[in-house]
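2 protein chains.
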Amino acid sequence: MISQECYELGSKSSVIREIFSYGLKRKAEIGEDKVYDFSLGNPSIPAPESVKQAILELMELPPEKIHAYSPAPGDPKVRTAIAGSLNRRFGENFRMENIFMTCGAAASLNICLKALLNPGEEVITFAPFFPEYRVWVEGAGAVLNVIPAKLPDFQIDAEAFERAITPKTKVVIVNTPNNPSGVVYSEETIKNLCAILKKKSEEYGAPIYLITDEPYREIVYDDIQVPYLTKYYDDTLVCYSYSKSLSLPGERIGYIVIPDRIADHEHVAPAIAGAARVLGFVCAPSLFQQVVAKCVDDTGDISAYKKNRDILVEGLQRMGYTCVKPQGAFYLFMKALEEDAYAFCERAKKYDLLLVPSDDFGCPGYVRISYCVSEKTILDSMPAFEKLMEDYRTNAV
Amino acid sequence: MISQECYELGSKSSVIREIFSYGLKRKAEIGEDKVYDFSLGNPSIPAPESVKQAILELMELPPEKIHAYSPAPGDPKVRTAIAGSLNRRFGENFRMENIFMTCGAAASLNICLKALLNPGEEVITFAPFFPEYRVWVEGAGAVLNVIPAKLPDFQIDAEAFERAITPKTKVVIVNTPNNPSGVVYSEETIKNLCAILKKKSEEYGAPIYLITDEPYREIVYDDIQVPYLTKYYDDTLVCYSYSKSLSLPGERIGYIVIPDRIADHEHVAPAIAGAARVLGFVCAPSLFQQVVAKCVDDTGDISAYKKNRDILVEGLQRMGYTCVKPQGAFYLFMKALEEDAYAFCERAKKYDLLLVPSDDFGCPGYVRISYCVSEKTILDSMPAFEKLMEDYRTNAV
Chain V
1 MISQECYELG
11 SKSSVIREIF
21 SYGLKRKAEI
31 GEDKVYDFSL
41 GNPSIPAPES
51 VKQAILELME
61 LPPEKIHAYS
71 PAPGDPKVRT
81 AIAGSLNRRF
91 GENFRMENIF
101 MTCGAAASLN
111 ICLKALLNPG
121 EEVITFAPFF
131 PEYRVWVEGA
141 GAVLNVIPAK
151 LPDFQIDAEA
161 FERAITPKTK
171 VVIVNTPNNP
181 SGVVYSEETI
191 KNLCAILKKK
201 SEEYGAPIYL
211 ITDEPYREIV
221 YDDIQVPYLT
231 KYYDDTLVCY
241 SYSKSLSLPG
251 ERIGYIVIPD
261 RIADHEHVAP
271 AIAGAARVLG
281 FVCAPSLFQQ
291 VVAKCVDDTG
301 DISAYKKNRD
311 ILVEGLQRMG
321 YTCVKPQGAF
331 YLFMKALEED
341 AYAFCERAKK
351 YDLLLVPSDD
361 FGCPGYVRIS
371 YCVSEKTILD
381 SMPAFEKLME
391 DYRTNAV
Chain U
1 MISQECYELG
11 SKSSVIREIF
21 SYGLKRKAEI
31 GEDKVYDFSL
41 GNPSIPAPES
51 VKQAILELME
61 LPPEKIHAYS
71 PAPGDPKVRT
81 AIAGSLNRRF
91 GENFRMENIF
101 MTCGAAASLN
111 ICLKALLNPG
121 EEVITFAPFF
131 PEYRVWVEGA
141 GAVLNVIPAK
151 LPDFQIDAEA
161 FERAITPKTK
171 VVIVNTPNNP
181 SGVVYSEETI
191 KNLCAILKKK
201 SEEYGAPIYL
211 ITDEPYREIV
221 YDDIQVPYLT
231 KYYDDTLVCY
241 SYSKSLSLPG
251 ERIGYIVIPD
261 RIADHEHVAP
271 AIAGAARVLG
281 FVCAPSLFQQ
291 VVAKCVDDTG
301 DISAYKKNRD
311 ILVEGLQRMG
321 YTCVKPQGAF
331 YLFMKALEED
341 AYAFCERAKK
351 YDLLLVPSDD
361 FGCPGYVRIS
371 YCVSEKTILD
381 SMPAFEKLME
391 DYRTNAV
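So the sequences go chain by chain: V and U.
Residue 207 in full-length UniProt numbering sits at position 207 of the first sequence; the count goes up by one each step and never skips.
Residue 208 in full-length UniProt numbering sits at position 208 of the second sequence; the count goes up by one each step and never skips.
It is worth saying that the hints were derived from the structure and are not from the lab.
Treat the hints loosely; a few may be bogus.
Put simply, identical chains are the same to the list, so a pair is met inside one copy or across any two.
For lysine-lysine, the following DSSO-like pairs were computed, each having C-alpha atoms within a straight-line distance of at most 27 Å [stated by the list, open to error]:
#1 K25 <-> K65
#2 K335 <-> K199
#3 K52 <-> K65
#4 K376 <-> K27
#5 K25 <-> K77
#6 K294 <-> K52
#7 K350 <-> K25
#8 K52 <-> K77
#9 K65 <-> K294
#10 K349 <-> K294
#11 K307 <-> K387
#12 K27 <-> K350
#13 K231 <-> K349
#14 K77 <-> K27
#15 K376 <-> K65
#16 K199 <-> K65
#17 K306 <-> K65
#18 K52 <-> K27
#19 K34 <-> K65
#20 K294 <-> K306
#21 K200 <-> K376
#22 K307 <-> K65
#23 K231 <-> K198
#24 K191 <-> K150
#25 K349 <-> K191
#26 K27 <-> K12
#27 K27 <-> K65
Note that the structure is a prediction, hence the values are computed from the model and not measured.
Bound conformation, chain V alone (with noise of 0.2 Å):
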């Protein structure tokens, strides 16, 4: 009698939070140190000292200066500090009117589709893939089409890809670093996508657009260089969000870039903010506007990340678990020891060891490890990493 589509969406618990709660009973039962939780996505290091200045000095505004209204697309002085910090970065040519702020990623995603879709095209993501894009591309009546995974490596199948387009083809999403790999897209990859995309839309006629979803763009260890997809396909909508750069998954921050450049700019800027108004979003909350301002070229201590990558990478390696070195992100994607990822991750919970199964991100067989977890936590688990391997060793499925 009410909607189908959101009870189901609502009462269909997902895998992460499962786990999640399973851990806190665990945790409770024999003591926090016993249990070894990778399930969540959310930033163990503290936001940067910067946030909490940045607070304590707009603090010092009458509060009518700071708690107000935005206008829709964000404050002006914001947006322009944003478009500012990514031409120093990216050697871009960014104005205000090219920053549309949002509460976080999730709502840059969803606005942009819903301004882009029209029900019964077509969007094309990359496996692994965060669970949620099929619900927004869903949430506009469009279908959501996943190339599978390209091993070992995780890139980009470009073959594949080029095959899945269609006359229906209006939205790519890729999201590099990539959750839950941990990859980052070289630039071959990237360049490659963007040249099927050049010739796939010529081809057509019709512009298909590229969002690239990017919240982890900062955490990448190793000097590694995260290609800035406006500068290698004109019709790329950025997603960001302050969530992970700044620990700040709560706030609801980020933005959307809507370069000059875009095919139907004159239509698709104006969507954007459409799309926002129907969807109930009124502005990005303000004070963090005004924080995210201030502290715009900082980030949290990324560096906790890496050490915890390494103690992990080199430790399960040496046990005999296959896994992609993550280049950026706070992730880990293991081979599972069996074929059944919920099963291994059933198996691993006998050691307290909790790990989601990559079944929901579209690549069966693998388990997301979230290593956003203290130091401690990551050397205490190496022992019951150990036993599941043991395990396997001596109870093959």
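On the provided structure of chain V, position chain U as indicated by the hints.
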């Protein structure tokens, strides 16, 4: 080619925003104090000192305790604090499970509508009404039916309401204290409304949900009581926002009350969570969840609005204007001096009076005067209102 619906919503600038922009330009030309801008509903009184104190206290906590993701329905302690406040104030018996934290009233309303409605179903509201209702109802694929205003008191025309209900009516929205009329629906109005809802729900054998949009609940004058609607009708969802009561409109923080006794609760409660998810809301901003929990029974200094109202009503009525004395909110709904409210607002501009024509509120022939401005603006504007009246006396339409 892209979403025509979103393009149109984004390109059609709101009348209110246009008047506000004109005001900014005009102020730059002739001086800020010479323009009497009554266009926006942006609270003029500051957030109470307790908000600043709450933020400063929270800044003493480790950042990861403040800025982390909250569960999708909100922080349990925050929801418990809000339930407790409602129980104390309205004799209710809510638990945290009845409270779903949102990014403000727009989110609250849109989430409820999305959760309850199927395409083709009908929603009823009462003129004058907040124009975004139409955007969200139509965004859910449903149809908005507007019951004309009941003159002269702007209460609800019960007969017209009863006649408008059909088997497709799924939701009724009320907004009290009302934007733009400033009227509070009396207990008699509410009892009549709820009696009709009960009768018709029984007649059609299906619940009609009542959504009450009440960001202005605390902004009332002269000891007026605003009936708490869950006490009058079981199938009520309350949509609240702290934008006006705590003067935090930019921070996007509010909640939905989902009482246990609502019809089909076992589907409605998950559908609310599912609707938030499909719209792209992850959680309500985490710092301000904590702030409102600490300020749960506070408001800004409402007496400033009362003073503005009294000066304005007394002055305008003395000059010969017709208006209902507002009992709440910070809007005065005044009869235009000619049938075409747009033409009236244009003539008012000659005297640098910026008023909003009522057509978009579904009630032509009036203007909305937002008196959430400084007392000085109110006092200084009086001669301009005199001149406008004089203009109509000497230059009839």
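To see whether the hints hold, each was checked on the structure:
1. K25 <-> K65: between (44 Å within a copy, 20 Å between copies)
2. K335 <-> K199: Close neither inside one copy (35 Å) nor across copies (60 Å); limit 27 Å.
3. K52 <-> K65: both (18 Å within a copy, 13 Å between copies)
4. K376 <-> K27: within (16 Å within a copy, 60 Å between copies)
5. K25 <-> K77: between (46 Å within a copy, 18 Å between copies)
6. K294 <-> K52: Both, since 11 Å and 19 Å are each at most 27 Å.
7. K350 <-> K25: within (14 Å within a copy, 68 Å between copies)
8. K52 <-> K77: Cα proximity of K52 and K77: in one copy and across copies (20 Å, 23 Å).
9. K65 <-> K294: The answer is both: 15 Å in one copy and 21 Å across copies each meet 27 Å.
10. K349 <-> K294: neither (43 Å within a copy, 39 Å between copies)
11. K307 <-> K387: For K307 and K387, the Cα distance is within 27 Å only inside one copy (23 Å; across copies 73 Å).
12. K27 <-> K350: within (14 Å within a copy, 70 Å between copies)
13. K231 <-> K349: This pair counts as neither: shortest intra-copy Cα distance 45 Å, inter-copy 47 Å.
14. K77 <-> K27: Between copies only: 20 Å across, 46 Å inside.
15. K376 <-> K65: Cα proximity of K376 and K65: across copies only (19 Å, versus 43 Å in one copy).
16. K199 <-> K65: neither (49 Å within a copy, 49 Å between copies)
17. K306 <-> K65: Only across copies: K306 and K65 sit 23 Å apart there, 39 Å inside one copy, limit 27 Å.
18. K52 <-> K27: neither (31 Å within a copy, 36 Å between copies)
19. K34 <-> K65: Answer is between; shortest inter-copy Cα gap is 21 Å, intra-copy 47 Å.
20. K294 <-> K306: within (26 Å within a copy, 37 Å between copies)
21. K200 <-> K376: Neither: 49 Å inside a copy, 62 Å across copies.
22. K307 <-> K65: between (41 Å within a copy, 23 Å between copies)
23. K231 <-> K198: Answer is within: at 13 Å inside a copy they meet the 27 Å cutoff, but 60 Å across does not.
24. K191 <-> K150: within (16 Å within a copy, 64 Å between copies)
25. K349 <-> K191: neither (42 Å within a copy, 56 Å between copies)
26. K27 <-> K12: within (24 Å within a copy, 54 Å between copies)
27. K27 <-> K65: Classified as between; 18 Å across copies, 44 Å inside a copy.
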